[in-house]
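As you go down the protein sequences, you meet chains A and B in turn. Read in this note's numbering, the first sequence has 85 at position 85, and its numbers run on one by one without any break. Read in this note's numbering, the second sequence has 77 at position 77, and its numbers run on one by one without any break.
Possibly wrong hints are sitting among the right ones.
Partial list, derived from the structure: chain B residues whose beta carbon lies under 7 Å from chain A [unchecked claim]: (1) M11; (2) Y33; (3) P41; (4) Q44; (5) L47; (6) A53; (7) Y54; (8) K55; (9) F91; (10) G102.
Far from chain A by the CB rule (all over 10 Å, computed), these chain B residues [claimed, not checked]: (11) N30; (12) S42; (13) N103; (14) F106.
Hints were generated in silico from the structure; no laboratory data involved. Here a beta-carbon is modelled for each residue, glycine too, at the ideal position from N, C-alpha and C.
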Amino acid sequence: DAGVTQSPTHLIKTRGQQVTLRCSPKSGHDTVSWYQQALGQGPQFIFQYYEEEERQRGNFPDRFSGHQFPNYSSELNVNALLLGDSALYLCASSLDPTLYGYTFGSGTRLTVV
Amino acid sequence: AQTVTQSQPEMSVQEAETVTLSCTYDTSENNYYLFWYKQPPSRQMILVIRQEAYKQQNATENRFSVNFQKAAKSFSLKISDSQLGDTAMYFCAFMNYGGSQGNLIFGKGTKLSVKP
Chain A
1 DAGVTQSPTH LIKTRGQQVT LRCSPKSGHD TVSWYQQALG QGPQFIFQYY
51 EEEERQRGNF PDRFSGHQFP NYSSELNVNA LLLGDSALYL CASSLDPTLY
101 GYTFGSGTRL TVV
Chain B
1 AQTVTQSQPE MSVQEAETVT LSCTYDTSEN NYYLFWYKQP PSRQMILVIR
51 QEAYKQQNAT ENRFSVNFQK AAKSFSLKIS DSQLGDTAMY FCAFMNYGGS
101 QGNLIFGKGT KLSVKP
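Chain B on its own, in the form it takes in the complex (with noise of 0.2 Å):
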């Protein structure tokens, strides 16, 4: 079965810096993705970036990117120019590409709190 690991229960930032958020994965499986999703107070799961394991390349929205290192099971998030609205429960999550296609696994989510 697979599993998530995400080893940082909570974490904080200081405005305009950058901060890494580490997950880890476990499957025998090699075609999968994985997301990171982020969660602030209003409860809604928004999705914040996304990767397809059979590409090397790590993926990239805007202030936030990916390094995705596909033998060692690690797929970290990394926040630039954090910003306060930024503050939120980010969880990475897990999708296999076949047989249980569409169903997340999630870690147990980091807090980050970005501070002013």
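Isolated chain A (complex conformation) (with noise of 0.2 Å):
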């Protein structure tokens, strides 16, 4: 069974470009969440989705968009790309997230120069 897959595992973009992030989560999960780890910190929550609406957003501007679709896998774009959107994305999905918790992917490497 596979768990969340995450692609690319590395990117590198150019300041003022977009990008697309894509996950498939876990199979049977419907609920899937997006997180932004910069270096040496903890993941902080940009949303969250279920039923291919987004139903949570944390604090992060609307350069940060997503998408989650019928299959439930899941897209972040982020655009007009900055310095500091630099960073680790995971992707984590879950069936019910207080119940089981979240599984995460290995996440994609974003470097923006």
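Work from the hints to combine the two standalone chains into their complex.
Here it is in structure tokens:
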């Protein structure tokens, strides 16, 4: 049983560009959340998707947007990239976050130059 | 707003010994969930243990156990019989029961090194 799959694993973008990160949740999981982990820090919540709707959002600007597809896979889009957006982006999925916690992917390392 | 504090940036322990990682949190809620996650160099966050705030009994998973002190808002992780594979970053995390349910709030982590 595959866990959470994220692509790409590494990415280098230029300031001002746009980027799309992709996530396939663990089989059977319908809730997907995205986290940003800066170097040496704990992950910070970006947003959560359930049934193709954004259910919760953290303290991130509108440059960060997302989408969930009918098969529960998800995308994270970041527009107008800033140097400060360089981080590890983690996707996490769950059937019930309070009951089971989350299963995390290995992340996408985004470097903005 | 809830906050999670891990006061030990780095710790080390000899193989086969016991180590305790500290975590405190701040919340005005009565019902919530607490987690410990492990992040090895592979970057994938792995759930170590989960505690429900309304349960007084401390959670245990094999060599991992917690000391949950609700009044003190403390949630420490004890690793017994430490193994080289336990070397990783350990993150304490908080999740609300309702409202912002499902949103994990993480501490800054503790880097644990297990030495042979």
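Exercise. Enumerate the violated hints, using their earlier numbering and listing them in ascending order.
Key: 1, 3, 6, 7, 8, 12, 13, 14
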